[in-house]
Amino acid sequence: MFSVHQPVQSANCSASHPVLCFFGHVRSQHVVSHRSNTRHFCVLPVRYKGLSFNNNNKITQNHFISVSEGDPCTLPLSRGSGNQFMDRFYYNQQTGSCQQFTYSGLHGNQNNFMTQQACEEQCGPNPCFEGRPFVGADGRTQTCSASANFNTCPLNHWCHIGSDLSTTVCCPGASTNVCNLPMSTGEGNANLDRFYYDAQSKTCRPFVYNGLKGNQNNFISLRACQLSCQPLDNPCIGQPATTAAGQVLFCSITNKDSCPVNFWCHIGATPETTVCCPGATNPCSVPLAPGTGNAGLARYYYNPDDRQCLPFQYNGKRGNQNNFESQTECERTCPEDPCDAFVRNGEGSLNLTRFYYNPVEGDCFPFQYKGSKGNENNFLTLKMCQETFTTACFGGETPLMNNGRVIQCHNVPCPASHYCHRGADVRSTVCCARRGNSCDQQLMLGVGDVTIERFYYDTTDDACLSFNYTGVGGNENNFLTKAECQIACPGYRGYCPHGKPDVADHRLTTCGIDTGCPRDHVCHVSKRGSKTVCCPDPATFCLVRADPGPCNRQIAKWAYDKTTGTCKKFMFSGCQGNLNSFDTVEKCTEICCDKGY
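Read left to right, the sequence shown gives residues 3 to 599 (the working numbering).
For the record, the hints were derived by calculation from the structure and aren't laboratory data.
Among these hints, one or two may not hold up.
[To be verified] Computed spacing ranges between beta-carbons, pair by pair:
{"#": "1", "residue 1": "Ser254", "residue 2": "Pro184", "range": "28 to 34 Å"}
{"#": "2", "residue 1": "Ala201", "residue 2": "Gly398", "range": "56 to 62 Å"}
{"#": "3", "residue 1": "Lys571", "residue 2": "Pro417", "range": "45 to 51 Å"}
{"#": "4", "residue 1": "Asn191", "residue 2": "Asp442", "range": "58 to 64 Å"}
{"#": "5", "residue 1": "Asn193", "residue 2": "Val587", "range": "20 to 26 Å"}
{"#": "6", "residue 1": "Leu445", "residue 2": "Pro233", "range": "37 to 43 Å"}
{"#": "7", "residue 1": "Thr104", "residue 2": "Gly567", "range": "42 to 48 Å"}
{"#": "8", "residue 1": "Asn257", "residue 2": "Ala201", "range": "23 to 29 Å"}
{"#": "9", "residue 1": "Asp463", "residue 2": "Ser254", "range": "37 to 43 Å"}
{"#": "10", "residue 1": "Asn191", "residue 2": "Pro289", "range": "56 to 62 Å"}
{"#": "11", "residue 1": "Thr256", "residue 2": "Val452", "range": "22 to 28 Å"}
{"#": "12", "residue 1": "Arg225", "residue 2": "Gly281", "range": "18 to 24 Å"}
{"#": "13", "residue 1": "Asp507", "residue 2": "Gln444", "range": "17 to 23 Å"}
{"#": "14", "residue 1": "Asn191", "residue 2": "Ser83", "range": "35 to 41 Å"}
[Said to hold, decoys possible] Quick list of in silico lysine-lysine cross-link-like pairs, DSS-like style, CA-CA up to 30 Å:
{"#": "15", "residue 1": "Lys529", "residue 2": "Lys589"}
{"#": "16", "residue 1": "Lys502", "residue 2": "Lys533"}
{"#": "17", "residue 1": "Lys484", "residue 2": "Lys319"}
{"#": "18", "residue 1": "Lys204", "residue 2": "Lys215"}
{"#": "19", "residue 1": "Lys502", "residue 2": "Lys564"}
{"#": "20", "residue 1": "Lys204", "residue 2": "Lys258"}
{"#": "21", "residue 1": "Lys529", "residue 2": "Lys564"}
{"#": "22", "residue 1": "Lys484", "residue 2": "Lys502"}
{"#": "23", "residue 1": "Lys215", "residue 2": "Lys571"}
{"#": "24", "residue 1": "Lys564", "residue 2": "Lys589"}
{"#": "25", "residue 1": "Lys570", "residue 2": "Lys559"}
{"#": "26", "residue 1": "Lys571", "residue 2": "Lys204"}
{"#": "27", "residue 1": "Lys570", "residue 2": "Lys484"}
{"#": "28", "residue 1": "Lys529", "residue 2": "Lys570"}
{"#": "29", "residue 1": "Lys571", "residue 2": "Lys559"}
{"#": "30", "residue 1": "Lys570", "residue 2": "Lys502"}
{"#": "31", "residue 1": "Lys258", "residue 2": "Lys484"}
{"#": "32", "residue 1": "Lys589", "residue 2": "Lys484"}
{"#": "33", "residue 1": "Lys589", "residue 2": "Lys571"}
Just so it is clear, CB atoms sit at the ideal spot from N, CA and C, and this is done for glycine as well.
Given these sequences and hints, build the entire structure.
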């Protein structure tokens with residue numbers, strides 16, 4: 003029987019027969035179809051004139067192109083066997099593109115399209131190393147997600163992340179051991195920055211991907227590569243130091259000084275756990291930390307109360323710097339504290355004028371040194387002595403004392419009238435007098451000669467910011483961590499989804515049915531105290547361009563791009579900027595993208 007239809011997205015002759023004609027062949031044309039028990043045929047409707055009918059009133063099957071199951075894009079070029087000259091297009095698997103050819107009018111196969119557009123919509127570019135991209139039930143190539151959290155491709159397929167959506171598709175031949183695949187730069191001219199796992203060096207390395215025909219050992223970020231192939235057995239409290247390319251910095255017993263500033267060499271049970279950990283400080287001033295794990299390593303630590311190096315068992319991970327491989331190394335690193343040592347004239351026949359620190363008087367005085375058998379409380383000049391024993395408290399104020407000795411607060415609390423000044427070592431961790439609300443005090447860098455990362459509350463920015471503390475002479479607005487600062491100085495955080503609420507005369511601007519908000523603000527019911535406050539309007543700040551600011555730090559942030567409707571990563575300099583700046587892409591999406599700005 004004959005049937006003449008308008009083209010449809012999909013159509014079945016029966017439950018046992020596939021789609022008659024691919025809609026790419028017959029766009030905006032009529033289709034004449036024929037059905038037998040075993041085969042289907044599709045006339046490419048260039049012209050109906052000239053089709054022959056046999057005595058059974060049926061179209062002669064010589065005029066039909068056979069439609070078989072499978073992907074037409076994988077079929078070879080077939081010019082047919084007629085005498086017509088028809089301009090058509092076919093998909094060339096070798097070049098990965100749709101090309102024109104002359105069709106003779108009879109026979110041929112399904113790799114035969116009326117227009118280049120129809121060919122490209124059906125076949126498109128093929129970025130897969132082997133086979134064709136997966137085609138969904140709608141006849142279209144299925145795109146996929148670059149997310150490392152889930153796989154959007156069907157079984158035995160993997161997501162090829164190309165230079166655009168058309169080459170980000172599900173390719174066949176998924177490997178069960180991605181990390182052992184060789185690095186493949188692929189084909190094309192895309193020049194994409196990617197990472198691959200080098201099984202020989204057991205590290206993730208950068209490479210330039212050409213955009214097509216690569217394999218699964220191809221990651222869009224260093225972290226994605228490390229999560230898949232290089233899970234770090236992190237022994238640090240915090241994240242270890244990395245190179246500019248993001249590689250973890252390893253160290254060794256013989257090369258402990260290779261770690262960058264503010265990092266120290268953690269000697270673990272294996273080379274993989276011997277890395278540069280954050281938080282470098284005076285190892286003699288931190289308490290014993292057995293750590294976690296089950297390594298059972300024989301180590302030594304310095305006990306500041308007994309002023310001795312004692313043995314302990316280290317579990318292998320998450321310890322601190324007060325951890326030495328030998329008693330000799332411990333004693334060499336943590337000698338007797340000269341502050342607590344009495345003056346010792348020594349032995350010999352010399353009379354050398356030296357200076358010592360008197361802990362009772364809190365000052366330096368001269369004495370006569372005999373030339374040998376002295377101790378560390380022995381300085382060539384008054385200046386050297388005074389610089390060594392500068393008081394840790396602000397303005398040179400005397401710290402809290404008991405029976406003539408300074409009270410150290412590394413393991414005992416200070417009374418309510420004092421706070422614990424935490425310096426670079428045990429000697430500078432003392433009780434200093436309070437001077438009011440710590441959050442209202444101005445930033446004090448100190449007067450020492452060390453560099454310690456600390457945090458302070460900035461009343462102007464209403465934020466806890468980092469700074470480098472010199473170890474002594476600071477004030478109470480000095481916190482070990484950002485979280486500690488935020489707990490002590492909550493400010494106006496928590497009232498608005500993003501940014502600070504409007505404040506007038508140090509009071510929150512409230513709003514309601516009869517009271518509006520100033521320009522570029524909206525009335526918001528805050529979760530903090532159920533107050534209605536005026537918060538920055540996302541319809542304003544989401545639409546401004548990201549501003550990195552004028553400072554010189556490099557902090558990864560996310561900003562909403564109104565031209566693409568997506569959140570994009572940028573580097574924030576650490577100061578000024580604007581509200582179109584978020585710590586995570588999720589927060590940026592929640593505030594800006596999900597609102598449709």
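Return the numbers of the hints above that this structure violates; sort them in rising order.
none
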